[in-house]
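Using the hints provided, position chain B relative to the given structure of chain A.
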Amino acid sequence: MNPEKRQAAARLDNRIIASLIPPGSRVLDLGCGEGDLLDLLVREKGVIASGVEIDEEAIYRCVEKGLSVSRLDIDSGLDDYPDGFFDYVIFNQVLEQVIHPRQALLQGFRVGRRVIVGFPNFCHWPLRFRILFRGRVPVGPALPYEWYDSPNLHFLSVKDFLDFCGREGLTVESRFFLAGVRRVRFLPNLRARKAILGLSRS
Amino acid sequence: MKKIDREKRGSSAGPGGLGTVETKSFRLPGPHRLRSGVTLAEVVVAYETYGELSPGKDNAVLVCHALSGDAHAAGFHPGESRPGWWDRMIGPGRAFDTDKYFVISANVLGGCRGSTGPASPDPATGKPYGLSFPLVTIADMVDVQKKLVNFLGVEKLLAVAGGSMGGMQVLKWGVAYPDSVAALIPIATAARHTALQIAFNEVGRQAVMSDPDWRGGDYYGQKAPARGLALARMVGHITYLSERSMERKFGRLRRPKTNGSGFAEEFEVEGYLRFQGDRFVRRFDANSYLYITRAIDNFDIGSGPALVKALSRLSDRRLLVIAFSSDWLYPPVQSKEIARAAKLNRADVTYCEITSDAGHDAFLLEAEEQRRVISRFLEVTRKRTARAGGSSGGEEAEGGKR
Chain A
1 MNPEKRQAAA RLDNRIIASL IPPGSRVLDL GCGEGDLLDL LVREKGVIAS GVEIDEEAIY
61 RCVEKGLSVS RLDIDSGLDD YPDGFFDYVI FNQVLEQVIH PRQALLQGFR VGRRVIVGFP
121 NFCHWPLRFR ILFRGRVPVG PALPYEWYDS PNLHFLSVKD FLDFCGREGL TVESRFFLAG
181 VRRVRFLPNL RARKAILGLS RS
Chain B
1001 MKKIDREKRG SSAGPGGLGT VETKSFRLPG PHRLRSGVTL AEVVVAYETY GELSPGKDNA
1061 VLVCHALSGD AHAAGFHPGE SRPGWWDRMI GPGRAFDTDK YFVISANVLG GCRGSTGPAS
1121 PDPATGKPYG LSFPLVTIAD MVDVQKKLVN FLGVEKLLAV AGGSMGGMQV LKWGVAYPDS
1181 VAALIPIATA ARHTALQIAF NEVGRQAVMS DPDWRGGDYY GQKAPARGLA LARMVGHITY
1241 LSERSMERKF GRLRRPKTNG SGFAEEFEVE GYLRFQGDRF VRRFDANSYL YITRAIDNFD
1301 IGSGPALVKA LSRLSDRRLL VIAFSSDWLY PPVQSKEIAR AAKLNRADVT YCEITSDAGH
1361 DAFLLEAEEQ RRVISRFLEV TRKRTARAGG SSGGEEAEGG KR
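Residue numbers (our numbering), protein chains in the order written: chain A, 1 to 202; chain B, 1001 to 1402.
Worth flagging that the hints you see were computed from the coordinates, not collected in a lab.
All values reported here derive from a predicted model rather than from experimental measurement.
Take these hints with a grain of salt, some might be off.
To be verified - Some but not every residue of chain B turned toward chain A, in silico, with C-beta under 8 Å:
id	residue
1	Val-1038
2	Glu-1042
3	Leu-1344
4	Val-1380
Think of the CB as a built atom: it goes at the ideal place given N, C-alpha and C, for glycine as much as any other residue.
With the rest of the complex left out, here is chain A (with noise of 0.2 Å):
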């Protein structure tokens, strides 16, 4: 996927996680990179935000934009806040990459009231096909890292994770199912790239 395509999707990430927010909210952005979705949470929706991001650069452009970030990794930036303290938590693009997903996810639960959780799906088909009939692990538009200088620690698909909620307690409020720019309504686990979902625990 080139820069362009991946901008497109990015921003339009940012625009599905966007209209799950409502005005006014405080909102925690982990692993925020450089504070896009921030930015536009702030100018859009006048939400409370803070970041967690380890990049030094990505840092800075944070402050410029004028956001409230820590440097710190996710696994530790969590331990850091209150219980209940945000509205919402947003772990998009960064589940795959922390240490312990798991207490991550329930550390989200506890310094906020929803979690909003956006991955890339492993179960995609062209991944299986690469798997499948080519003997290779999977490179693609969602997953763009060779095995050797991927981020990634941990490899899901759309069933998984609903699964993973099921046996946790927790609750999809919303989903979207994304190939590209694209929305995909039917036969996700195979047919989605990237899935984002907003969760609450009863």
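What follows is chain B alone, placed relative to chain A:
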């Protein structure tokens, strides 16, 4: 989209700085009661200011110096070739932009650079206090700063900023006067010293006190304990650097051969430390060194839950906590703890660990990275305080209200 690679301003002292500045003196209108209960009949504070106080009085920033600093934070004193200690950070277009902010810098209580300290005359005897000067704390330093700030017509500071011991003063402002400051910028600092940090200070104090010229602190008018103080400064300087910065600066470079015993200055690093030590004794009072390091070691606003409680009045205040990757004297973990305690109190916190080889000295040297975070942080703070003050987002702010 903001451009990132703007010109590298403020990274060195040079053109575009403040030019000539002067230190002024403020005598507290009455006696000053220390936190210990002891009263000082007379307290003088040396201070400098840069930039203009806005009509709304909402743009004042107090910068607090470290152990060996003074009121002269920026610009040049007439006839001097070295600028103030934070000149890289203070001036037009720099981190603390004097075109926008009114920057206040004061020598601490207990210091020796124009503010009342152990070298000052005791009004009761007319002779220098020496060790009869009462022990002072970081809180006492802050209390005096508060009086100075009010004297300058500022009810509410936009921010208090400082590194090392300056950062401790920043934290103390947050504990003692949270309603008088909109934002705190503690840099390369700690909520309390660890045993290691106390140990280095104690070696420094012992160096001073074991100098025969120290005479129990009663050396004024005679030979000062220069050897001891220089030695203390040498130890200090080692802790301000990092292994990498020392390796890069000196490595195993040797001094030109001398005909000494083999224990003359053999290596460049030895020459550097001796030079720093000797230069320091010309401008610093040995007793002040004892009093200030003791104040630093005694400073303790808690750890863990106690620290969270100490910062409990910071909810909705803005904090910018800065640490440096190679700082082993005040390692980032101590700054993280401060940031965490503030976040747990629902403060609006930014925590930035800046990558640097410069060790603890980075807070004095890494001007560009600090400018990138501090300048914008201050702008946002000012905008928000203006909004909170009920004005329509213009230049007016709550600072102007009485």
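Now the hints, each set against the structure:
Violation of the interface hint for Val-1038 of chain B is found here, the shortest Cβ-Cβ separation to chain A being roughly 39 Å, above the 8 Å cut-off. Because the closest C-beta pair between Glu-1042 of chain B and chain A is about 43 Å apart, greater than 8 Å, the hint is violated. With its C-beta approaching chain A no nearer than about 5 Å, Leu-1344 of chain B sits inside the 8 Å limit, and its interface hint holds. For Val-1380 of chain B, the suggested interface contact is upheld, since its CB lies about 5 Å from the closest CB of chain A, less than 8 Å.
Hint check: violations occur at hints 1 and 2; the rest are consistent with the structure.
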